[in-house]
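Protein chains: 2
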Amino acid sequence: MFFSHVVDQTLKKIKSQTANLLTLTNMSLGGFAILAATQGQLNLSVVLIFVAALADRFDGMAARKLNIESELGKQLDSMSDVISFGVAPALLLYQGILHSFGFPGLFFTVFYMSCGAFRLARFNVTESNGYFTGLPITAAGCLATLAYLFNPLIPSHLYLFIMIALSFLMIASFKFKKM
Amino acid sequence: MFFSHVVDQTLKKIKSQTANLLTLTNMSLGGFAILAATQGQLNLSVVLIFVAALADRFDGMAARKLNIESELGKQLDSMSDVISFGVAPALLLYQGILHSFGFPGLFFTVFYMSCGAFRLARFNVTESNGYFTGLPITAAGCLATLAYLFNPLIPSHLYLFIMIALSFLMIASFKFKKM
Chain S
1 MFFSHVVDQT
11 LKKIKSQTAN
21 LLTLTNMSLG
31 GFAILAATQG
41 QLNLSVVLIF
51 VAALADRFDG
61 MAARKLNIES
71 ELGKQLDSMS
81 DVISFGVAPA
91 LLLYQGILHS
101 FGFPGLFFTV
111 FYMSCGAFRL
121 ARFNVTESNG
131 YFTGLPITAA
141 GCLATLAYLF
151 NPLIPSHLYL
161 FIMIALSFLM
171 IASFKFKKM
Chain Y
1 MFFSHVVDQT
11 LKKIKSQTAN
21 LLTLTNMSLG
31 GFAILAATQG
41 QLNLSVVLIF
51 VAALADRFDG
61 MAARKLNIES
71 ELGKQLDSMS
81 DVISFGVAPA
91 LLLYQGILHS
101 FGFPGLFFTV
111 FYMSCGAFRL
121 ARFNVTESNG
131 YFTGLPITAA
141 GCLATLAYLF
151 NPLIPSHLYL
161 FIMIALSFLM
171 IASFKFKKM
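Chains S and Y, in that order, give the protein sequences. Counted from 1, the first sequence has number 17 at position 17 by UniProt numbering; the numbering is strictly sequential. Counted from 1, the second sequence has number 25 at position 25 by UniProt numbering; the numbering is strictly sequential.
Calculated from the structure, these hints are not laboratory results. Treat the numbers as computed from the prediction; the structure is a model and nothing was measured. Check each hint, because a few of them may be wrong.
Repeated chains share a single entry, so a pair holds when one copy, or any two copies, can fit it.
To be verified - List of simulated lysine-lysine pairs, DSSO-like, C-alpha gap at most 30 Å:
| id | residue 1 | residue 2 |
| --- | --- | --- |
| 1 | Lys-12 | Lys-74 |
| 2 | Lys-177 | Lys-74 |
| 3 | Lys-177 | Lys-65 |
| 4 | Lys-12 | Lys-177 |
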């Protein structure tokens, strides 16, 4: 009796924490992606950002499926997004390409991070109504990382334009339906 | 008449955005601190983190004094804190000292970032009652940065311990009165 109660409680706890554990995984992947970019291991950083995007996709799905969506989970998710899709891709592009532009490269890297953070802050205080306002930071981060992969094909100065465009798209007020 | 109305509206707008502008300044300083650490300019990174801490102190004060505290402001503040006092000091210590420890250095740098993000997420869903729960990330970030300054005096392996201690202090559940 006691044993089945303990098992039951443990299973409940695991279930309620599954989404948050996935979010923490996503966050850690973002942290490792930042350190990889710092150490010049840019391809590893790319892989880590994409895996973080997969984890991000799964934690939302898990939370909805297990019916364990929580306010703490939402906040944790935003924190993890600013690390994995705000700071990490910005640092990847700065280390890989933008550092060669001097101050403009520096400025627009920080501008991208700030716009991403603003986008998330606004998202957190907006009631969910089935619509996104502005480009989600996950999409912006993945697009920036994807753009980095086409590095040999895209002229360097275009990356400045890509960073500026993604930054403005995140803070823009256009709406589109969530998928 | 029209002119005075426009001036009045503009002043109101400036007033309502003062705190958020200070928060964005804090966030940008954190972003620049990250890029400085990445480029090996560690002393510049230290200065930027401390100036961000000053900006962080002022934006809260400005919001309270001007009576313009808002939910968006609170969220923006947390986003800025995770960048300036979560990622930036962690990267500073990793670049300056912890990278020489291999995987443990890597792991506890990411652990510090994740604990800081968790601390902020928990703070955002907790009603303010005049008490802090766990060490605030601003204090942890400043202590880590201060510890870096004593680099020649403190044995390197102690920094691993400092990172672990600060991480656990942030997610701990002890309470103490806000100053």
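The hints, checked one at a time:
no. : hint              : in the structure
1   : Lys-12 to Lys-74  : within (20 Å within a copy, 32 Å between copies)
2   : Lys-177 to Lys-74 : both (19 Å within a copy, 27 Å between copies)
3   : Lys-177 to Lys-65 : within (20 Å within a copy, 40 Å between copies)
4   : Lys-12 to Lys-177 : neither (33 Å within a copy, 34 Å between copies)
When held up to the earlier numbered hints, the structure conflicts with hint 4 and nothing else.
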